[in-house]
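Asks: If you read the sequences in order, they're chains A and B.
Following my numbering, the numbering of the first sequence begins with 2 at its first residue and continues without gaps.
Following my numbering, the numbering of the second sequence begins with 2 at its first residue and continues without gaps.
Mixed in with the good hints, there may be bad ones.
Heads up, the list lumps identical chains together, so a pair's fine if it works in one copy or across two of them.
Computed list of lysine to aspartate or glutamate pairs in DMTMM-like fashion (alpha-carbon distance at most 25 Å, straight line) [to be verified]:
no., residue 1, residue 2
1, LYS244, ASP111
2, LYS178, GLU108
3, LYS178, GLU223
4, LYS178, ASP159
5, LYS66, ASP263
6, LYS178, GLU228
7, LYS178, ASP87
8, LYS178, ASP78
9, LYS244, GLU146
10, LYS66, ASP111
11, LYS143, ASP211
12, LYS247, GLU228
13, LYS66, ASP211
In case anyone wonders, no lab produced these hints; they're calculated from the structure.
Listed below, chain by chain, are the residues.
2 protein chains.
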Amino acid sequence: MSAIPPGNVVTWDRTDPRAARCVIRSGGYTGYTAAIAAGYVQANICILPRDWSADFLLYCQRNSKPCPLIARSDVGDPRLPTLAEDLDIRTDIPRYHIFCDGEFTEEVSDISSHWRDDLVTFALGCSFSFEEAMLEAGLRLKFLERNSVAGVYVTNIDTVPAGPFRGPLLVTMRAFKPADAIRAIQITSRFPNVHGAPVHIGDPASIGVDLSRRYQNVGDGEVAAGEIPVFWACGLTPQLAVKSAKPPFCITHAPSSMLITDLRNASLAVL
Amino acid sequence: MSAIPPGNVVTWDRTDPRAARCVIRSGGYTGYTAAIAAGYVQANICILPRDWSADFLLYCQRNSKPCPLIARSDVGDPRLPTLAEDLDIRTDIPRYHIFCDGEFTEEVSDISSHWRDDLVTFALGCSFSFEEAMLEAGLRLKFLERNSVAGVYVTNIDTVPAGPFRGPLLVTMRAFKPADAIRAIQITSRFPNVHGAPVHIGDPASIGVDLSRRYQNVGDGEVAAGEIPVFWACGLTPQLAVKSAKPPFCITHAPSSMLITDLRNASLAVL
């Protein structure tokens, strides 16, 4: 598929992950991915030089709730065939963020010109997968109705360091009536590869969280009367660890512009 | 086995459910059953005349969380072969309570002389089974260390009536640190035949419970700092429904003197 001239309206099947990647690859879509290819796994992406990749792999292993690794590429190989046969990580994300020495330098929609033979791609699961399972079970996620995402918070819980990678655990908060909170724990327990069961329920202060102070103002922190806040490990945790490690070069997806894979969310459920 | 003269010391294997029933059958043990035959299912028992049994069966079906039916006898048959081959409900419980028109009349250690051809036995699961699974998972149940049981409370939630059987839902409360509360929900979700997952977590008042006011002062209601109360449906719920229905005749086990079966607790786990 050739590049699509800017301004042209492209018609494509938004339920098909391969069609979505194809349009994204050709520059035809640079937006958020939340409403695209419903039912398919979307992944957080972190691309690091080989010299930093062993420690980052260890960091993910030691902190599997915030860093649920679903794929790691071979060194220099832009493919992730276990996520999708045709996938090319250099072109298949709508927008990328590039970091040098831990500092953000630019946002691009294609990293082909930045690619190097020593780069390693890490794909981490994302809570979109279990949110779909919650909705299918009849739970209400009010932040979705407000076109928002779950509120994100920095906790006073440290992750387990690995080499230069270290930092606090970040969490997402979703508020439920108590019976629904119990159901949400059951449902997310089925998804260990996308953060799994909650890490905390109830009193925010006991994990160092003030619900009015969201990380980078991300998401929705409302807890209505009669609801109980429930906290899951968050995929932004490794981004903070990378920022702290200050690798000379790093590429991530731009927030909410995720990698769309061919894996079905339901395929991640262990039960 | 013949009756054992009172005062004689009987030596038997307390880990073996059949040996326990044999001693109980001969009058050699009339105490609590909590520490006997660890690992095996113990059951709540309710024996009703046939004319009342259809409505009670329906009540159990409509309220399966507080009334998890694990066996129902044939009419007039004192056996429950699915729970143990040798089991005779007239002799195999240490102590029984007899009720007439809903009122307690006497405690006995053998109901052979009360048995009638129209009686039907119901055996309901008990939370001892999932408490064992919690302990094996490393959770702490502080009330057990104090030789007590979980605190019991009457809620403002009504059960679904069936014929004359109706009444409030009773719950047991166990307090945990939040991460352990999440684990407790996961573990008990595996045991739908013994009350299953909790019905409530957090604020007691929202289900009409005052933690300082236990039902008949049963159990331990402590919630330590940093703990969250978790509430499970309780097997005393049907006893209150029977009391409200006032059948002319009814026999139950005496509190904490349960029926010991040959089923392993682990066999009730669905996952």
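Asks: Hints the structure violates: just list their numbers, smallest first.
Replies: Violated hints (numbers, rising): 2, 7, 8, 9, 10 and 12; every other hint is consistent with the structure.
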